[in-house]
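S.K.: Single-letter residue listing:
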Amino acid sequence: GPKVLQIPSHQIIDMGQMVTLNCDPVSNHLYFYWYKQILGQQMEFLVNFYNGKVMEKSKLFKDQFSVERPDGSYFTLKIQPTALEDSAVYFCASSPGPGDTQYFGPGTRLLVL
Amino acid sequence: GDQVEQSPSALSLHEGTSSALRCNFTTTTRSVQWFRQNSRGSLINLFYLASGTKENGRLKSAFDSKELYSTLHIRDAQLEDSGTYFCAAEVPNYNVLYFGSGTKLTVEP
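If you read the sequences in order, they're chains G and S.
When we follow the numbering used here, the leftmost residue of the first sequence carries the number 1, and every step to the right adds one.
When we follow the numbering used here, the leftmost residue of the second sequence carries the number 1, and every step to the right adds one.
Just so you know, the hints here were simulated from the structure itself, not pulled from any lab data.
Ideal Cβ positions, reconstructed from N, Cα and C, are used throughout, including at glycine.
Just so you know, not all the hints are guaranteed correct.
Unchecked claim - Quick partial rundown of chain G residues pointing at chain S, CB under 10 Å, derived from the structure:
id : residue
1  : Y33
2  : Q42
3  : N48
4  : M55
5  : F65
6  : Y74
7  : A93
8  : P98
9  : Y103
10 : P106
This is chain S alone, in the form it adopts within the complex (with noise of 0.2 Å):
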């Protein structure tokens, strides 16, 4: 909803390149998630931040709960990162998450 803005909408990279993801924030986060959903359109979870960084092979995530946005990185990107790639909020005292709107990525060859 409103309360996540997420760029960019899409994304084209070629084999091997890297770029970042960005949510920002317009409220309070306690934490963030950063989820692809594949062609199925299952979720599959990549990072759960409540602050600092995250790292997972080529994927790095980050959290700055002060500044209010969360970054995934994505390293020498493959066939398979293709998807669209969603940040989730948490907003304090909800117990509930506040999606963005998605990056589709196409990796190609």
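Same shape as in the complex, but just chain G (with noise of 0.2 Å):
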């Protein structure tokens, strides 16, 4: 099936510190998606976004982060500054439009330390 990918798979960093997660969508998605899932715990919703616009985003997702797909480029999850509880599995996923289905990726795991 489609494929999206996540780059890193892993980031280890100190808390404080910038982190920028990539997601490369489904070639021709449009809708592109941020979850969260703690460790042993149910995947939540951060963000969706398109057209170069964040549409709808949970109070998960702080004022520290912020996304973005310039150019078509990578669609990126930045979190700055880092704390510990931004510990987790991040996935992003892709649709085509609205309300289809959505592919997800491997997901980054990131630990805060």
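Hints are included, so try docking the two chains, each in its own frame, into the full complex.
M.R.: What follows is the structure, given as structure tokens:
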């Protein structure tokens, strides 16, 4: 099926540093998403993005978070500064349109020390 | 979150047996997706349903948008079916998936 890629697969950083998580969505998809999964817990929505704009965001999407997709390159999630509670697996997803099947990447495992 | 109640939380099956997972939705749901999360953490798409039923091999899923529930039936369970299964509901107008808490399935010889 369609593949979403995420880079890196793992990232370890010190609290307070900036981190950028990269997502390469399915090529003809227009909607992009980030979800967060803390170890052993359920997946939770962070944000969705369409046409260069954030459409919806949850309360988990703190002010320290930002997303962008400059010129059709990677769809990125930036956290600046990071906090201990940001340690989780971050999943990127994409879909052709609103309400369509969302396809998920393999996740980036972020550990904040 | 609170929008999706998934059961059971854990399930153990012997090879060759069958069972069903269920998700109840507490709000209007436009579509449902089912995923299996493998031991490496990757989410594998199983089904997308806006209504009715779909079948793929030994898996079958149904979604009743009026009664607000979805089921995933696993027939003739195999060892490779082990993993954590998630349902996710898409709420109209928000383009957001709300995930259930997952069912950890263990298939034993």
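S.K.: Each of the hints needs a verdict: does it hold here or not?
M.R.: Tested hints:
1. Y33: Interface hint status for G:Y33: holds (8 Å vs cutoff 10 Å).
2. Q42: 5 Å, holds
3. N48: 6 Å, holds
4. M55: Given a least distance of 7 Å, the restraint on G:M55 holds.
5. F65: With a closest approach of 16 Å, the G:F65 hint is violated.
6. Y74: Check failed: Cβ of G:Y74 comes no nearer than 19 Å to chain S, outside 10 Å.
7. A93: 8 Å, holds
8. P98: 4 Å, holds
9. Y103: Status holds, d = 6 Å.
10. P106: For G:P106, the interface hint holds, since the closest Cβ of chain S sits about 5 Å away, which is under 10 Å.
When held up to the earlier numbered hints, the structure conflicts with 5 and 6 and fits the remainder.
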